[in-house]
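Respectively, the protein sequence lines represent chains A and B. The first sequence begins at 1 in our numbering and counts up by one. The second sequence begins at 1001 in our numbering and counts up by one.
Keep in mind the hints are simulated off the structure, nothing from the lab. The structure displayed is predicted, hence computed values, not measured ones. Some clues are possibly wrong.
[What the hints assert, rightly or not] If the Cβ cut is set under 8 Å, some of the chain A residues that face chain B in the computed set are:
| hint | residue |
| --- | --- |
| 1 | 82 |
| 2 | 85 |
| 3 | 113 |
| 4 | 116 |
| 5 | 117 |
| 6 | 329 |
In this text, a Cβ means the ideal position worked out from N, Cα and C, and glycines have one as well.
Chain residues, written in single-letter form:
2 protein chains.
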Amino acid sequence: MKQKIGLAHGEGGELTHQLIQDVFVKSFGHEIQTKLDSAILPSLQNNMAVTTDSFVVKPIFFPGGNIGKLAITGTVNDLAVSGAIPRFITAGFILEEGFAVQNLKSIVQSMAEEASQAGVHIIAGDTKVVEKGSVDGIFINTTGIGEMNEKNRPKPEWMKNGDAVIISGTIGDHGISIVSARNELGLMTDVKSDCASLNHLIGELTNEVDGIRIMRDPTRGGLATTLVEICEDFQVTIELEEASIPVRRDVQGACDILGFDPLYIANEGKVVIIVDSNFVEKAIDIMRQNEFGRNTSVIGQVSTKGSGKLLLKTPFGTTRRLQRLSGMLLPRIC
Amino acid sequence: MKQKIGLAHGEGGELTHQLIQDVFVKSFGHEIQTKLDSAILPSLQNNMAVTTDSFVVKPIFFPGGNIGKLAITGTVNDLAVSGAIPRFITAGFILEEGFAVQNLKSIVQSMAEEASQAGVHIIAGDTKVVEKGSVDGIFINTTGIGEMNEKNRPKPEWMKNGDAVIISGTIGDHGISIVSARNELGLMTDVKSDCASLNHLIGELTNEVDGIRIMRDPTRGGLATTLVEICEDFQVTIELEEASIPVRRDVQGACDILGFDPLYIANEGKVVIIVDSNFVEKAIDIMRQNEFGRNTSVIGQVSTKGSGKLLLKTPFGTTRRLQRLSGMLLPRIC
C-alpha cells in the first residue's frame, strides 16, 4: 500500500517524529535537526539580507522542476539579486491529508539537491497537515538569509541616462511551461520551466563588473511589471527595444494562441540587470559564460526623458507605455 | 459591498501592489517595504537563532486570539526558549479567493500589535492567493530571527539528579479554547487561549537566575510530548507529580467529557523550564511577578534512576510511563 500523509503526521507526536526522521533528516541531513526549538548559527560578518516566499504552484511537478526546487531557487534568487550571498534557508510545509509520502520525498530531495548546488544550508523546518480539501496537496514557505557583499552591492541611486538594461535569457518560459503542464487550455508545448538558482551567475558578474545599478528576478508579473516597479521606485524612465527581447519561438507561439504577452509572464531563472553602459560588454561576456546566461541580451536603456515610465519601442517604430500587470493572468504560477 | 480577496491580488501586479499598500504597509509601517527583493539589516553581534512555523489554526478567530497573534507569539516563543532575544520576523500569507479583506486587516493588525509588544520587527512579507476551495481561508508562515544571549543560554548538558521542572501556569488552555470555539463536539466553555509572547518573562528569568538547564514551549503534543523529547534527547528521566500540575477546572472538565488528557493538549503561552534546584525558589518568585507566570509551579524533578523516560506519579501513589502523543488528537490546533 502506498503511504499517505495523515492528520496525525502534523500533530507533533510520534508520527511527526517518524516523518521528520524518515523524510526530512534523510534528505536534508542532520543539519536541520536541532534539540532546541531554533537552529543556532554563527552571526554573519556583514549585513544580513532576509526574504520570504510561499509557493503554491500548480501542478506541483512540471517540466523542468517541481514546487520544492522552485522554493529553493526562488528564495536563492531573491537574495542574490539583492546583492547577498545566500547562506541559510528555512522550509515550512503545509500538507493535505492523503498526500503521497513518495511525492513528499521527491520534493524534499529536489530541495536538498538544489540547495546543495546553490551552496545554501536548509537549517530549520516545520510540517503541518490539514484535512483533505483544506489545501491543494502541498504548499511550501521558504525564508532565506543571505550575507551582503557590500563591495558588490548594487547602487540603484546611481542610475543615469544611457545605463543599459540586460536580461540573462529568454522570457516567459516558466509561465508557459506551467500553463502547458496544466493542460487546461489545450496547450501542448515542449517548453521547460527555466527555474534555476542564479547566485553563482550573479556572483561571477558582481565580482568582476563595477557599475551594477540594480538586479531583479522578473517572477510574478513578468519583466514588464518588474521594470515598472523600478521606474516608479527610483523615478527613472526605461526604454525597452521589443525586437531585442529574447523570446523562444514556442513561447511566443503559445502566447499568441492564448492572447498573452510574454512581457507579463513569470520567469524563475532570469535576472534583469541595469548596468553602467561602460561595463555592458564585460557584463555580457561574463554572463554568457554561465550556463544560465547563454542568451544574455541588452534589451533597453535608462533615459532621463520623462521619469517613472516604462516605454516599449516596437519594431514598427512606435512607442507605447507599459503598466504593471493588471487583473488576472495566470494564478498559482509559483 | 464587502471587499474580497481575488486571485489577481496574488499575481504580483497592480492589485498586489494596492493590497500591500492598503493592508500591510498600514499595519506594519514602512519597515516591511523594501525597494529590493530582500530586507537588508545590520548583522547581529552574537550568534543567531532561526525558527520557522506555519499556522493553519481553525477557526482563525478564537477566544484569546487569532491566527495572526498566534503566528507572532509562536515564533517569538520558539526563539525565547532557545535562549535568544527575538529580533526579526517574516510573514508569508496564503489566502483563499473570496477571503474578506476586513478579516485580513484584523489579523494583520493583531500581528503588528503583538510584534510591537514583544519588541520584534516584521521585516519581510509575501502574499499568495489560491482559488476558492484550495486553501481553508488563510494560512500564515512566520520565520523568526533572534540574537543569542550567550550568558543566559540554557545548558541542557548540565542536567542532573534533583533539578526541578517548572511550568509557568495552567496547561491545556489553548487546545480546549480551540475545540470549544469549533463547536464541533458540542463543548461550550469560557476557556480562553493562553497565546502570549513569553520573551519578556523569559528574559527577566534568565537575566536573574543561573542554573537554567533547558526551556521549551509545550505546544503541539502538549507538556507530555515536550518532556518525552527532552528525556530522549538528553537521556534523562523526569518524574512528574500529577497533583502539582496546574490545570483549570473547566479545562479538566472538558478533558473528562472528551476523553482527553490535559498533558497532551497544546499550550501557546506556557514555558516548561528545568532548573538547578538551588535556584528554583528565586525562579518561581521572578516568574510569578510577570503577568504570564502568575501560576508558576514546580511539577517534577530530574532523576538519574533509569534514563530517557518520562514518569508520572499519580495521587494514588502509582507511577506510569508517559509516551509521546500517539495518533490523532486535535488537528489544526496551531
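**Asked** How about residue 116 of chain A: closest beta carbon in chain B under 8 Å, or not?
**Response** Violated, about 19 Å.
**Item:** residue 113 of chain A as chain B interface residue, shortest Cβ-Cβ below 8 Å
**Value:** violated (20 Å)
**Asked** Going by Cβ atoms only, is residue 329 of chain A closer than 8 Å to chain B?
**Response** holds (6 Å)
**Message:** residue 82 of chain A was flagged as interface toward chain B. Is the shortest Cβ-Cβ separation under 8 Å?
**Reply:** At 4 Å from the nearest chain B Cβ, residue 82 of chain A passes the 8 Å test, so the hint holds.
**Item:** Per-residue hint verdict: residue 85 of chain A, partner chain B, C-beta under 8 Å
**Value:** Violated, because the Cβ-Cβ distance from residue 85 of chain A to chain B comes to roughly 12 Å (cut-off 8 Å).
**Prompt:** At a threshold of 8 Å, is the proposed contact between residue 117 of chain A and chain B supported by beta-carbon distances?
**Reply:** Because about 20 Å separates residue 117 of chain A from the closest Cβ in chain B, which is outside the 8 Å limit, the hint is violated.
Hint check: violations occur at hints 2, 3, 4 and 5; the rest are consistent with the structure.
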